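There are 2 protein chains.
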Amino acid sequence: MIKVVVDCFGGDNSPGANVSGAVAALNKNSDLYIILTGDEAAIKEQLYGREYPADRLTIIHAPEVIGCDEKPTEVIKTKRNSSMMAAIDCLRTDSAVSGMVSVGSTGALIAAATLRVGRLAGVMRPAFCPILPTMNGGVVGICDSGATVDCTPEMMKQFAVMGSIYLQSAFGVESPRVALLNVGTEAEKGDKLRKETYPLLQAEQSINFTGNMESRDLLSGKYDLVVCDAFSGNVLIKSTEGACLEMLKMLKKNIYSKPIYKLGALLQKKMFSDIKQFMNYQNYGGSVMLGTRKTVVKGHGSSNEKAVEVCIEQVVRAESARMNERISEALTQTT
Amino acid sequence: MIKVVVDCFGGDNSPGANVSGAVAALNKNSDLYIILTGDEAAIKEQLYGREYPADRLTIIHAPEVIGCDEKPTEVIKTKRNSSMMAAIDCLRTDSAVSGMVSVGSTGALIAAATLRVGRLAGVMRPAFCPILPTMNGGVVGICDSGATVDCTPEMMKQFAVMGSIYLQSAFGVESPRVALLNVGTEAEKGDKLRKETYPLLQAEQSINFTGNMESRDLLSGKYDLVVCDAFSGNVLIKSTEGACLEMLKMLKKNIYSKPIYKLGALLQKKMFSDIKQFMNYQNYGGSVMLGTRKTVVKGHGSSNEKAVEVCIEQVVRAESARMNERISEALTQTT
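Going down the list, the protein sequences come from chains A and X.
The first sequence: position 147 = 164 (the working numbering), numbered continuously.
The second sequence: position 295 = 312 (the working numbering), numbered continuously.
Chain A with its partners taken away, still in its complex shape (with noise of 0.2 Å):
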């Protein structure tokens, strides 16, 4: 049995899609039990008139929300009571359960995750990895985007461990493309960090290394991982995500200018609605934090129903591919 603790609230659809989400998964995998964290009213609402395994299923009570604007230090000590910090708890205390979905503060998240759940042995710090689709169909981590900005060549060694056993895990790539995050793709490129981290990944016997990445290919199918610093891979992330936002609101800006354009754009409602489909990380799963002892995933603010069952899948996927004790295994040998 994989027990998945699932914070119900946070998210722009909270509780609505983070219930539907657990009930789903639960209703689809018979090995999966669910702790489901928040306030018990709002949750039995949702439940109500639903059919889903009920002796798989529990409610903690912990009524207080996070907002997205609170101050992640702070809230982490002083809303105890709140659905998030509840499934962190339980993470701590639970040693059956395997790891938790949240759709909540991503900053309030990392940093609960990286002070109360622990590291695995081996690790140095724990990484935040997404995951982006890329342009030929498959998916691209990164790793580190959230956790640790200030980060030694080592660390950075450890991410291109961590990120691998990850995509292997969750996401079947046998032998994942690593690559080195970096103002051009040539060995000697970069800054001290990179200059001395190069070395580093091209020693690691355990990982793909492939060499230096361009920012522009971040998209492009040819890496399944890219290792970063927080501070970069925040900013790699942030600015392709902006700037496909911007692109799609230039265009729509323009279609909308003249009534022939809009005509065109009828005939193509299909194709917009194929690319809308294709861009939606709601498909891809969410953010994983690499390195803790339980297996923490952050899903986006606005994911709808589908989108946290998809995270709680990624946790089963993590727990099957034993992808902690993996990293574990793996950072002992090598450091």
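In short, the hints are calculated from the structure, not lab data.
There could be a bad hint or two in this list.
Copies of the same chain look alike in the list, so a pair counts if it works inside one copy or between any two.
Derived DSBU-like pairs: lysine-lysine, alpha-carbon spacing no greater than 35 Å straight-line [as the list claims (entries may be wrong)]:
id	residue 1	residue 2
1	Lys88	Lys20
2	Lys279	Lys88
3	Lys61	Lys293
4	Lys323	Lys209
5	Lys209	Lys255
6	Lys266	Lys212
7	Lys239	Lys88
8	Lys45	Lys293
The structure displayed is predicted, hence computed values, not measured ones.
With the hints as your guide, set chain X onto chain A.
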């Protein structure tokens, strides 16, 4: 008289676009003198039959060309007789020359400008400042984006001061809104470098510091200048460009996948051409090296005649606005 050197080789459309751009600039501006560097016969061939003020044009014969794949630090030593190095030499030796324009190898140009042209008094490190169009029709500068990967907070402050003076001088932005590239907008966000830079920018009276900026807001039009180290600046600009191009590629692929989509696109032909025009960096001018004794403008490798002309005008505007004197005055006062 403003004297500008134009490196005539190294671009996709060289020497034709370079020579034509120079001739166009000369014909428009009676106060301009241009020195062309490169293979004399090839340049003369391009000039043949054109109308231009021959008394305001000189050619310096330098037949070698630097390839884009050549190692910058090596070519500046070995290819002294290249069109680019001849232009750089001109900046060094001819005190009457205000600046230069090149569409050749960015790496070689940054290395040569940094190592051979020398810095303005008060400048710790030069910075490379590209310009991107924003979605509301303005521009945004990214400083530094190529010259100094390992920065101190003091250098970052200088980038803010130099970039502000540049936007005032070359783009007429009265009080450029300066933002620090960071992982969140709150003042306390970021790595060590950002945390130490923030108070320096806040205390700097000569700039209009508006706080931290997330990379997703680069094209929003809310900021005129983004301050960053060259590593994250490079990640920022290349991922933004990369994502925009991948989006267009995906759109094109989709449009060509079905006749009805193609028909729709036919109705939108003018719209797509407008968007292409809007996104065409050729219209916005080149990237400028700030902090070097002379103004060095790098146009895109695929620059056409118009783009080269715009780059030459950038040097003229910077010179007319006494940009370099102002930078030096500001930085000898504040540091």
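Open item on the list: Run through the hints listed earlier and report the numbers of any the structure violates, in increasing order.
Closed with: Violated hints (numbers, rising): 2, 4; every other hint is consistent with the structure.
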